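Put together the whole structure using the sequences plus the hints.
Note that our numbering gives residue 272 to position 272 of the sequence shown, counting from 1, and the numbers run on in steps of one.
No lab work stands behind these hints: they were computed from the structure.
Keep in mind the model is a prediction, meaning the values are calculated, not measured.
Ideal Cβ positions, reconstructed from N, Cα and C, are used throughout, including at glycine.
Any given hint could turn out to be false.
In the DMTMM-like style, the derived pairs of lysine to aspartate or glutamate whose C-alpha atoms are separated by at most 20 Å in a straight line are [to be verified]:
no., residue 1, residue 2
1, Lys149, Asp164
2, Lys129, Asp62
3, Lys229, Glu252
4, Lys201, Glu251
5, Lys149, Glu131
6, Lys201, Glu243
7, Lys193, Glu166
8, Lys154, Glu166
9, Lys129, Glu91
10, Lys193, Glu180
11, Lys193, Glu156
12, Lys201, Asp164
13, Lys129, Asp164
14, Lys193, Glu255
15, Lys193, Glu251
16, Lys221, Glu166
17, Lys201, Glu264
18, Lys229, Glu198
19, Lys149, Glu180
20, Lys221, Glu241
21, Lys201, Glu131
22, Lys193, Asp247
23, Lys154, Asp164
24, Lys201, Glu252
25, Lys129, Glu198
26, Lys154, Asp99
27, Lys221, Glu255
28, Lys201, Glu238
29, Lys229, Asp247
30, Lys149, Glu91
Here are the simulated distance ranges between beta carbons [stated by the list, open to error]:
no., residue 1, residue 2, range
31, Ser43, Lys229, 17 to 25 Å
32, Ser43, Glu166, 29 to 37 Å
33, Ala246, Val41, 22 to 30 Å
34, Arg155, Leu248, 20 to 28 Å
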Amino acid sequence: MANPRAGYRKHWRLFSAFEKAENAAVLGLHVLSLSFWTFLVLSSLWLFPVAVLIWAATVAFDPRLVALHRFTCFWASLYTRLNPAWPVTIEGRHNLPRDSACVMVSNHQSLVDILVLFRLRTHFKWVSKIENFRVPLIGWNMSMNRYIKLVRGKRESVVQMMRDCEAALAGGSSVMIFPEGTRSVDGRMRAFKPGAFELAKRTRSAIVPIALDGTSRALPKRGYLLQGKHPIRVRVLERIEPESFADLSAEELGERVRARIAAELPAEGSPIAKSA
1 MANPRAGYRK HWRLFSAFEK AENAAVLGLH VLSLSFWTFL VLSSLWLFPV
51 AVLIWAATVA FDPRLVALHR FTCFWASLYT RLNPAWPVTI EGRHNLPRDS
101 ACVMVSNHQS LVDILVLFRL RTHFKWVSKI ENFRVPLIGW NMSMNRYIKL
151 VRGKRESVVQ MMRDCEAALA GGSSVMIFPE GTRSVDGRMR AFKPGAFELA
201 KRTRSAIVPI ALDGTSRALP KRGYLLQGKH PIRVRVLERI EPESFADLSA
251 EELGERVRAR IAAELPAEGS PIAKSA
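As structure tokens, then:
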């Protein structure tokens, strides 16, 4: 006759093993996260003074601040290149602007999006909420780069942002905009706001759509705990020339660009890359 106590002990041992494995995994995520944020802070303490030196040495003859932006691309790329949990694949580099300024638009899933898009290594000015410019060191570097500030919810700030974007484009710098306006909570694209598309129409600038996936699972919104290994993929799509949207409203153009980005995903909001 089977001993019920033996069966109980067996199931208890299995449960304990699973619990220990789960606890070890959670501990591993905390160690990974602590290492990442510590490295970000320490590296920023070292790299910000370098950025100041580059700015001081080049600002007089580099009005677009190309040299400083290139250094910023290097700085930001460290946090994905040196992180084995975030392997990044970039496709369609040939679609990036080479000799003309464009309006670059991407879906927005995570804080990691910013780090990843710097790996495109092309010149642009970010459009970012003003809170990001107040972050010590990193935000100060954004100000030195003359990235474009936006106070969300204030009409006058939106008007000024559009003027700053127009000036950047006229000066030969592309602009990078998240037309959703904020990060997605679950990875699904939100509706696109018309501002980026009004800008493209007003300045007759080409649009470069970018489909980005994997970052929402790597570091979700409303959290600072890295979620383990998640491949990240960036697809730079074929540019849309201004002649092709001259007769469209900004809202219609936004819907068309959103659909093009969504078409690059297996299903809207579904990941391009599978977790490893």
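So, going through the hints one by one against the coordinates:
1. Taking the CA atoms of lysine 149 and aspartate 164, the gap is about 9 Å. The hint holds against a cut of 20 Å.
2. Using a Cα cut-off of 20 Å, the hinted pair lysine 129 and aspartate 62 is violated, with the two alpha carbons roughly 25 Å apart.
3. Proposed proximity of lysine 229 and glutamate 252 is contradicted: the alpha carbons are some 37 Å apart, above 20 Å.
4. Between lysine 201 and glutamate 251 the CA atoms are separated by roughly 11 Å; this keeps the pair inside 20 Å, and the hint holds.
5. Of the pairs offered as hints, the one joining lysine 149 and glutamate 131 holds, with about 9 Å between alpha carbons and a cut-off of 20 Å not exceeded.
6. A threshold of 20 Å between alpha carbons decides the hint, and for lysine 201 with glutamate 243 the separation of about 10 Å falls inside it, so the pair holds.
7. Among the hinted pairs, lysine 193 with glutamate 166 is consistent with the structure: their alpha-carbon atoms are about 17 Å apart, no more than 20 Å.
8. Proposed proximity of lysine 154 and glutamate 166 is supported: the alpha carbons are some 19 Å apart, at most 20 Å.
9. Between lysine 129 and glutamate 91 the CA atoms are separated by roughly 28 Å; this puts the pair beyond 20 Å, and the hint is violated.
10. A C-alpha spacing of about 6 Å is found between lysine 193 and glutamate 180, which places the hinted pair at or below 20 Å, so the restraint holds.
11. Restraint check for lysine 193 and glutamate 156: satisfied, since their Cα atoms lie roughly 16 Å apart, inside the 20 Å limit.
12. Between the alpha carbons of lysine 201 and aspartate 164 the distance comes to roughly 15 Å, so the proposed pair stays at or under 20 Å and holds.
13. Annotation: proposed proximity of lysine 129 to aspartate 164 holds, straight-line Cα distance about 14 Å (limit 20 Å).
14. Restraint check for lysine 193 and glutamate 255: the C-alpha separation of about 9 Å stays at or below 20 Å, so the hint holds.
15. Under the criterion of a C-alpha separation no larger than 20 Å, the hint pairing lysine 193 with glutamate 251 is consistent with the structure, at around 8 Å.
16. Among the hinted pairs, lysine 221 with glutamate 166 is inconsistent with the structure: their alpha-carbon atoms are about 30 Å apart, more than 20 Å.
17. With a C-alpha separation of about 24 Å, the suggested pair lysine 201 and glutamate 264 falls outside the 20 Å cut-off, and the hint is violated.
18. Restraint check: the Cα-Cα separation between lysine 229 and glutamate 198 comes to about 38 Å, which exceeds 20 Å; the hinted pair is violated.
19. For the proposed pair lysine 149 and glutamate 180, the alpha carbon gap of about 16 Å is at most 20 Å, so the pair holds.
20. For the given pair, lysine 221 sits about 33 Å from glutamate 241 by alpha-carbon distance, which is inconsistent with the 20 Å threshold.
21. Between lysine 201 and glutamate 131 the CA atoms are separated by roughly 28 Å; this puts the pair beyond 20 Å, and the hint is violated.
22. Pair hint lysine 193 plus aspartate 247 holds up; C-alpha atoms about 18 Å apart against a cutoff of 20 Å.
23. Taken as a hint, the lysine 154 and aspartate 164 pair is honoured in the structure, with Cα atoms around 15 Å apart against an allowance of 20 Å.
24. Using a Cα cut-off of 20 Å, the hinted pair lysine 201 and glutamate 252 holds, with the two alpha carbons roughly 12 Å apart.
25. At roughly 19 Å between alpha-carbon atoms, lysine 129 and glutamate 198 fall within 20 Å of each other, so this suggested pair holds.
26. A C-alpha spacing of about 34 Å is found between lysine 154 and aspartate 99, which places the hinted pair above 20 Å, so the restraint is violated.
27. Proposed proximity of lysine 221 and glutamate 255 is contradicted: the alpha carbons are some 24 Å apart, above 20 Å.
28. With a C-alpha separation of about 18 Å, the suggested pair lysine 201 and glutamate 238 falls inside the 20 Å cut-off, and the hint holds.
29. Only pairs whose Cα atoms come within 20 Å are accepted, and lysine 229 paired with aspartate 247 is rejected, the gap being roughly 44 Å.
30. As the CA atoms of lysine 149 and glutamate 91 are separated by approximately 29 Å, the hinted pair breaks the 20 Å bound.
31. Between serine 43 and lysine 229 the Cβ separation comes to about 21 Å, which falls inside the hinted range of 17 to 25 Å.
32. The supplied range of 29 to 37 Å is met by serine 43 and glutamate 166, whose beta-carbon atoms lie about 34 Å from each other.
33. A hinted range of 22 to 30 Å for the beta carbons of alanine 246 and valine 41 is inconsistent with their spacing of about 48 Å.
34. A C-beta distance of roughly 24 Å is found between arginine 155 and leucine 248, which places it inside the suggested range of 20 to 28 Å.
Checked against the numbered hints given earlier, the structure breaks hints 2, 3, 9, 16, 17, 18, 20, 21, 26, 27, 29, 30 and 33 and satisfies all the rest.
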